[in-house]
Amino acid sequence: MHYLKLVLKNLFRHRLRSALTVTGLVVAILAFGLLQTVVQAWYAGADMASASRLITRNATSLVFPLPIYYRERIKAIDGVKAVAVSNWFGGIYKDQSYGNFFPQFAVDDEVWFDLFPEFRTRPEELLAWKKDQQGAMVGRQLADEHGFKVGDTIPIKGTIFPGVWEFHVDGIFEPRDDATITRQMYFHWDYLNEQMKKLFPKRAEYAGLFVVQIADPGRAAEISQAIDKEFRNSLAETLTETEKAFQLGFVAQTETIVMAVRVVSFVVILIIFAVVANTMAMTARERLSEYATLKALGFDPAFVAALILGESVALTTLGGILGIALTFPVAAAFKSLLSAVFPVFNVAPQTVALQALAALGVGLAAGLLPSIRAARVRIVEGLRYIG
Amino acid sequence: MAERPIVSIAHLSKSYRRGGEDVPVLRDITLDIARGEFIALMGPSGSGKSTLLNLIAGIDKPDAGTLLVDGDDITRLSEAELADWRAAHVGFVFQFYNLMPVLDAFENVELPLMLTALSRRERRARVETALALVGLSDRMEHNPNELSGGQQQRVAIARAIIADPTIIVADEPTGDLDRKSAEDVLALLRRLNGEMGKTIIMVSHDPHAVESAERVMHLEKGELVPDVVPAQAKTPGGFPSARE
Amino acid sequence: MNIPLSYIVRNLWTRRLTTLLTAGGMALVVFVFAAVLMLDAGLRRTLVSTGSPRNAILLRQSSQTEIQSGVYRDQASLVETLPGIARSTSGEPLVSKETVVLIALPKRGTDKPSNVTVRGLPALGLRLRPQVRIVEGRMFRPGSSEIIVGRGIRESYDGVGIGERLRFAGRDWTVVGTFDAGKSGFDSEIWGDVDQMMQAFRRTVYSSMIVELNSASDFDAFAHRIATDQRLTLDVKREPEFYEEQSKSLSQFIRVLGITLSIIFSIGATIGAMITMYAAVSNRTAEIGTLRALGFRRASILAAFLLESVFLSAAGGAAGLVLASFLQAFTVTTMNFQSFSQLAFGFDLTTRIVADALVFSVAMGLVGGFLPSVRAARLEIVDALRAA
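Chains as they are written, first to last, in my numbering: chain L, 81 to 467; chain V, 16 to 259; chain Z, 56 to 443.
Hints may be right or wrong, so weigh each one.
Beta-carbon label-pair distances, calculated as ranges [said to hold, decoys possible]:
1. Z/314 - L/379: 47 to 53 Å
2. V/19 - L/461: 53 to 59 Å
3. V/19 - L/463: 48 to 54 Å
4. L/235 - Z/129: 28 to 34 Å
Heads up, simulated DSS-like pairs for lysine-lysine below, C-alpha to C-alpha not over 30 Å straight-line [as the list claims (entries may be wrong)]:
5. Z/292 - L/282
6. L/237 - Z/292
7. Z/303 - L/309
8. L/309 - Z/292
9. Z/167 - L/324
10. L/237 - Z/303
11. L/174 - Z/292
12. Z/167 - L/415
13. Z/167 - L/161
14. L/174 - Z/303
15. L/324 - Z/162
16. L/211 - L/174
17. Z/167 - L/155
Because the hints were derived from the structure by calculation, they are not lab data.
Backbone N, C-alpha and C fix where the C-beta goes; we use that ideal spot for every residue, glycine too.
Please model the entire structure based on the sequences and the hints provided.
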């Protein structure tokens, strides 16, 4: 297999140049992988969505609440198994820094965790929470980040619902799998409502949105329409959609950013292509007399071309493998740093595949022109060439 | 000789470190070169002739001994001082011309003058004179790749004399030239030596080139072998050698 | 450094492909860098220009946005009586009591709804925003279900032309005009009569109050009065500062993401420059030896190669800047995290950004070219000449 031996030996001839090129590739492939993972992470909410859950909200916009008595009316609709209410609390924990931000929701304690089987709870903790008016269930990721333990009290400063609120950590719920987000806190809607009745009575008895569990995911569209029909022409018209559609709606609002990140991730591939193409062009030019010699000795042009192409691909393969390998630990570091923004930050198999494709692509594209040029060199001219 | 020699070497030694060992290249060299001499250094490969030339030209430092050029002990100069010294005292002619490929003939010849305080106009005047001297006034704006080997070497010679150096060192000046070009270059060197009194120290393999010199020195394994005066000792202009 | 500049520049030109590829990589990096800074500058300009220095905005205490806030009618009436507030020629206090909500509208080209800010304001409200002009149609009539839309809305959404109707809050609203808010945040809003909006959305409290003071320096006294009055549980801010705060989150996100990316990308491009310069030194070893022999110092050699690297990166940087400047023709519409609604803003190329980008390019050239230049300077003359 003298071809492979030649290719590898040539790689090590100019160690500094090869090392620098590979380093650049590692950085580029790593950056590419991270950016693609950022794009994936943006859809984390949608990935976690269940096909048997619908979200019912005010048709005007999410900013408007729905009367709490809608709950019973939705439950009565054919196909609906259970309904839970959820209000976004949006309070401040400690300060407004990114690191201290986490979502808090006021929810139906009776049924909430039945609707979300992906949150694993301990029976005794769940029971304690249901009994404790001021109780809160905290997600595993959130608990780990801030050191919350069962028995702790978490003070939250309300913004939408003013005042300083205190919640007792009654339990910590675990994620079923990698895609489950556990960076949030749930407390009793009843507690929120009682406080509102005392402080701002006009704002009491309202739900932010309803989470509707249906028996048959195939009937999602039909049941959604039935719910919305129920409330048409009433005080607050509703818009019901699958949980996935609801989550994707959020993503759509920042679509521009997601697209920009995608575009930028390909820019880095372009940059590294320029670097590798330059390396191969210079290398091929310097070795022109060697290639001419090979041809004089009887090797055919395809062999010479394959030598360069092989070297280019070998370089990018090496860089690609290292870059891919590094992606995982670096992504883990990112996750711990940016968990407030990206609670889920996993490197998907598609991302790795894309990285590999990118490395291969750059290797082939960068080596193409120099290899053609070398294959075409006329022996006489090549032999005379002095780098 | 009435005046002092322009180059005075006493007990010069130099070795290189190769594979962990010190390999002696020059051993205890002692010689004098008079002002206006045209010297040829010959010897087999590895004899140390190029090394000796490099030492005299100030681009290498000896391990031991003294080396005086026009009265200056260049072994005592710092690297920076040596650079300045070379600019003022040495003209270089290399086997492969060593012109800057991206500069044209004019700019190549002008290069040493960038180290001086001369104005642009003054530089221009000198470059034109030097190029006229070597017969390439009509090629001033040509790049080296547009000139033949002989023409390139003549540009190099113009560059070598532009700063009016004390000595001209030439390492295989005709090594890469065809017969005719080599002859042109040698004639030029002889002219510089004869008409302008330039001291020329040349290393060469080419017996024809050596004929232009008035004194030939042989080196073998780092040591000087006694002088041999070539058959045609006189330069074409009939200029007597200082030794006679 | 007495090595002629023409030597340095022409060497770049001779190896054109290498120069192009290396500079090209740098151009891309600087493009991304400049684009990010331009986007951030555009965002800040949009939000900072939203707001006049003489205006103060009042919200419920500890509300971060107008959406979250609620100002009671009696509180509003109290505020109107405070000294320091400018008055119209007819003696009216220049106070605008407004309601702000979000509605969901599908953006042009998609069926997914995005949050759009709807603002109910009195006729006076227009007067408190001197940067806003009606450019198409007319202002809505008070007491009617008429609305006017900002330029950003007009450009990104369907169904908001003059005469068209939007349906929300159980009513049809007719678009009667388009307004230009001078590239400020108001360009992304829909405006209507405050009383009609409050009725339709069943609101009994205002979201915010905008007050024009006699002069900007009256703010401190005004704020003090609000703070010391127990009945007024309100926060007051200068209007420009309020809007600047609205941009902090998104601005920070853009900057952090963008600068991190630029630095990572610059590693790749700088490595490219390093490879190129090492090759340059290697190919010109004999030239370096010759220059040294002729009397040029080590420092000059170092400077010459460093300069070559810098010219390379500066050229790339300039190209990247030129490319980035074309972005100024585009508008970006995305959700502002804090206000939870869509905001349209553009790319703003400031002289500061041009300077930053050029400094960035030069830095890449210096870093990439440093080690190779040192290698060139450290060559021994005899070794270098032997390479000929």
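Going through the hints against the structure:
The hinted range of 47 to 53 Å is satisfied by residue 314 of chain Z and residue 379 of chain L, whose Cβ atoms lie roughly 50 Å apart. Checked against the hint of 53 to 59 Å, the C-beta distance between residue 19 of chain V and residue 461 of chain L comes to roughly 54 Å, which is consistent with it. Take residue 19 of chain V and residue 463 of chain L: their Cβ atoms lie about 52 Å apart, and the range 48 to 54 Å holds. Checked against the hint of 28 to 34 Å, the pair residue 235 of chain L and residue 129 of chain Z passes, with Cβ atoms roughly 31 Å apart.
At roughly 27 Å between alpha-carbon atoms, residue 292 of chain Z and residue 282 of chain L fall within 30 Å of each other, so this suggested pair holds. The suggested pairing of residue 237 of chain L with residue 292 of chain Z holds, with an alpha-carbon distance near 20 Å, which does not exceed 30 Å. With a CA separation close to 41 Å, the supplied pair residue 303 of chain Z and residue 309 of chain L exceeds the 30 Å bound. As the CA atoms of residue 309 of chain L and residue 292 of chain Z are separated by approximately 44 Å, the hinted pair breaks the 30 Å bound.
This hinted pair checks out: residue 167 of chain Z and residue 324 of chain L have alpha carbons roughly 12 Å apart, not beyond 30 Å. Our distance criterion of 30 Å between C-alpha atoms is met by residue 237 of chain L and residue 303 of chain Z, whose separation comes to about 20 Å. Simply put, residue 174 of chain L and residue 292 of chain Z have alpha-carbon atoms about 22 Å apart, close enough for the 30 Å limit, and the pair holds. Of the pairs offered as hints, the one joining residue 167 of chain Z and residue 415 of chain L holds, with about 29 Å between alpha carbons and a cut-off of 30 Å not exceeded.
About 27 Å separates the Cα atoms of residue 167 of chain Z and residue 161 of chain L, which keeps this hinted pair within 30 Å; it holds. A distance of roughly 18 Å separates the Cα atoms of residue 174 of chain L and residue 303 of chain Z; the hinted pair therefore holds under the 30 Å criterion. Taking the CA atoms of residue 324 of chain L and residue 162 of chain Z, the gap is about 19 Å. The hint holds against a cut of 30 Å. Between the alpha carbons of residue 211 of chain L and residue 174 of chain L the distance comes to roughly 27 Å, so the proposed pair stays at or under 30 Å and holds.
Note on residue 167 of chain Z and residue 155 of chain L: the hinted pairing holds, with a Cα-Cα distance of about 27 Å set against a maximum of 30 Å.
Checked against the numbered hints given earlier, the structure breaks hints 7 and 8 and satisfies all the rest.
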